[in-house]
Structure formats: structure tokens, C-alpha cells
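Visitor: One letter stands for each residue in the lines below.
There are 2 protein chains.
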Amino acid sequence: MHDERIVWKGSVMTSPLPPALVTCGDMDKPNILTIAWTGTLCTQPPKTYISIRPERYSYGIIEKSREFVINLPTSKLVRAVDFCGVKSGRDVNKFEAMGLDICNASAVKAPVLCDSPLSLECRVTDIVKLGSHDMFLADIIAVSVDPKYIDKNGRLTLEKAGLIAYSHGDYFALGEKLGDFGFSVRKKKTQTKKSKKKANNKHKA
Amino acid sequence: MHDERIVWKGSVMTSPLPPALVTCGDMDKPNILTIAWTGTLCTQPPKTYISIRPERYSYGIIEKSREFVINLPTSKLVRAVDFCGVKSGRDVNKFEAMGLDICNASAVKAPVLCDSPLSLECRVTDIVKLGSHDMFLADIIAVSVDPKYIDKNGRLTLEKAGLIAYSHGDYFALGEKLGDFGFSVRKKKTQTKKSKKKANNKHKA
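Just so you know, the protein sequences line up as chains A and B, in that order. Start counting the first sequence at 1; every next residue gets the next number (our numbering). Start counting the second sequence at 1001; every next residue gets the next number (our numbering).
These aren't lab readings, by the way, just hints derived from the structure by calculation. Warning: the hint list may mix true and false statements.
[Stated by the list, open to error] Below, a list of computed lysine-lysine pairs in the BS3-like style, where the Cα atoms sit at most 27 Å apart:
{"no.": "1", "chain 1": "B", "residue 1": "Lys1009", "chain 2": "A", "residue 2": "Lys109"}
{"no.": "2", "chain 1": "B", "residue 1": "Lys1009", "chain 2": "A", "residue 2": "Lys148"}
{"no.": "3", "chain 1": "A", "residue 1": "Lys177", "chain 2": "A", "residue 2": "Lys160"}
{"no.": "4", "chain 1": "B", "residue 1": "Lys1160", "chain 2": "B", "residue 2": "Lys1177"}
{"no.": "5", "chain 1": "B", "residue 1": "Lys1029", "chain 2": "B", "residue 2": "Lys1064"}
{"no.": "6", "chain 1": "A", "residue 1": "Lys188", "chain 2": "B", "residue 2": "Lys1076"}
All figures in this text were calculated on a predicted structure; none of them were measured in a lab.
Produce the entire structure from the sequences given, and follow the hints as far as they go.
Guide: Put into C-alpha cells, the structure is as follows:
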């Protein structure tokens, strides 16, 4: 009964994904584009990637500078997220069109998007040709955070940033929190800080 | 003023990501583990990856079989998503523990998780050593869909599946829909099916 699934040919349907706002170039001549083909590759050393079509304007910029910044997208930025995925920096200054401000990054020449709660400063290590897209493997060399998402105890309150997800052509706000890592094996009534820490240490991504 | 961001050393904070339920092995000796280090690498040909720590039980299984299935996670499966990320198949039968049923895949020996709305059947092409994790690059060779998410017109209604996202240690349901691809450049009152199609064709991931 369960086996009555419908089978389609292979296609890229992993979801939800972050529709990341990727900045490149430098403070004088920046560009920005939206990339959902991104994610984490390795925890230590911290490695990520973005996959880009060679015909995109930013491809040549990043190929040359070998640097980019992944800015996490939020509900407030959703119109810019969409616009920066549809429009090309060849034709329009997307920062001006969407009223986006840029800040200095700490470790790369590429700018950081000031309105993003958290940005990953990345340096390209390899470019891998795959077909429609080339994968830019990169080391994450610094993280830039909006201080308003750091609480009194120094904890990052990223859950307050209003992050958004991309799924099958739609943008969604994150909704109800369903649990935190390790909740399925944690004892409910006898939970202590120690046991929580222990569960977190078991994290095997 | 905007430049007053806090800078941390590099770390893997891309989010939200899908906490995918990855199945491997075969119908007689299956295993399952949760992997958020996944995403789309290339649209055509369709390529994805999973990054796995070599010490994980599934690493050897996938290294040998060179096949796996990415099953999209849902709210109903959130306890299993967490459990399968914390526990090892060396110590426990995670399918039995979480009451998970498996179905035959169409193109690989690895099983499909029957309760997942959509599963990507993958064949490994390369294993890249990166550090704590190795990246398994793979071709997506088939997609298996629960027919209840296909409407009368043959459209995939993935928005009804209750997909979940993983962000900074927490699991979230997808919340409010904020827009669909191309909404920022679409004319509001004169929108036709044709213009919508045109906007979708401009999708440059």
C-alpha cells in the first residue's frame, strides 16, 4: 500500500533552502544576487559553497576576486531577495533599487549587507564545473553579526531575526518552533543543564 | 553606524537548512540518519550532496553502495528527525524505534521513507575529503512522491506537506507564505498566466 508512490525523473527538489543574499565585488563596485544553491559542506574547517550559472554577472566577479559574502535573508528583505534573484547587476544597481546598505566586511573586500542579521565572509578554494552551474567551494573565514541579535549573556538569538526559507518556488517565514536538537532523547522532568549540554555534544551533522 | 557589526571567527551558520532524513543500505538491511549538510549543487544535470563524518555508521554503508535517498522531513516526523540525528544505527534500529516504514525506491537499492512527501534517489559520483566531514557528490536519478501531494491538475502541492527547517539548533515548521518567485517584478493588476510563466522562466538559482 505504501509502495504506491509516484516516480519522476531526477530533479532538484531539496527543500527548504535559504534564499541567501550573496554579495561580491568591493565597496566601490559591489554586486548582489540571490542564491538558494548553498549550504554547509564541512564543520571543521568551516566550509560552504555557492553554485552559480556561468552566464550570471556575479560569476566573473567572484571568479576573479575569489571572495563573496553569504548574508542570511529575512522577512523584511523578502522583496529584495526575490528582486536580486530575478534581476541582473548588468542592467540595474540592485542596492539602489531595493534601498540596501552595505558595510565593510572584516576579512574580505566584498561588502556585507548591513540589514542581514548574520553574514558569512567566504574565500573560494575551488571552482568545480558541474553542468548548468559551477560550484564555488569556499572557506568561511569570518562571521559578521548584527549586535541586536546578541543577548545580555552573549547568546545569538537568531530565532528573533525572522529568517526565511525557499521551498518549491515560494518564500516562507519560519513558523512554530517544534523542538531543539536532542529533544527526542532528553529526559523531560529531570533535565539539567548538564544533560542538555551532553545531548548537544552528541550532535553529528 | 551600520558598520558596528560584531565579528566572530568563521563557523557554519548558514540557515535555514533542511534536516533531511537520509536512507541507505537496502530493504533487508537499511539505515537512516539525519543530515542538514545537504543542498542543491547543479540544476542540469540534477546534482546534490550530503556531507558525513567518517565515523558515522552510514558512512561505510554509502561509501560501499554509493547510493542513498534524501527524504524531505515534515512536522509529523520531527521526533524521528531529531532521534535519527542523535542515535547511531550501530546501537539501535531507528526504523523500529520511531515506527518508520520503508518502501522500494525506483532506481536504487536504498529504501525510501514511506512517510516522506518527496524523496530524491541519489547515486554517488565523488567523495571529497574536507576535514570533519566528507562530501558525497551525487546525481539525483529519480524523485519519489507521495501521491496525496499531487492535485487534480498534476501539480505538486509541496506547501501542504508540512516541511520543516533546521536553524541554529532548532527545528521550525514553515510559516506564513511571503511571496512566490518573481513576485517583486510582477505587475500586480495586469498579471496573467503568461506573465507569471515568463517570470518563472527567468529563475536563475
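Visitor: Now tell me, hint by hint, if it's right for this structure.
Guide: Evaluation of the provided hints:
| no. | hint | result |
| --- | --- | --- |
| 1 | Lys1009/B with Lys109/A | holds (16 Å) |
| 2 | Lys1009/B with Lys148/A | holds (18 Å) |
| 3 | Lys177/A with Lys160/A | holds (12 Å) |
| 4 | Lys1160/B with Lys1177/B | holds (12 Å) |
| 5 | Lys1029/B with Lys1064/B | holds (13 Å) |
| 6 | Lys188/A with Lys1076/B | holds (20 Å) |
When each numbered hint is compared with the structure, no violation occurs for any of them.
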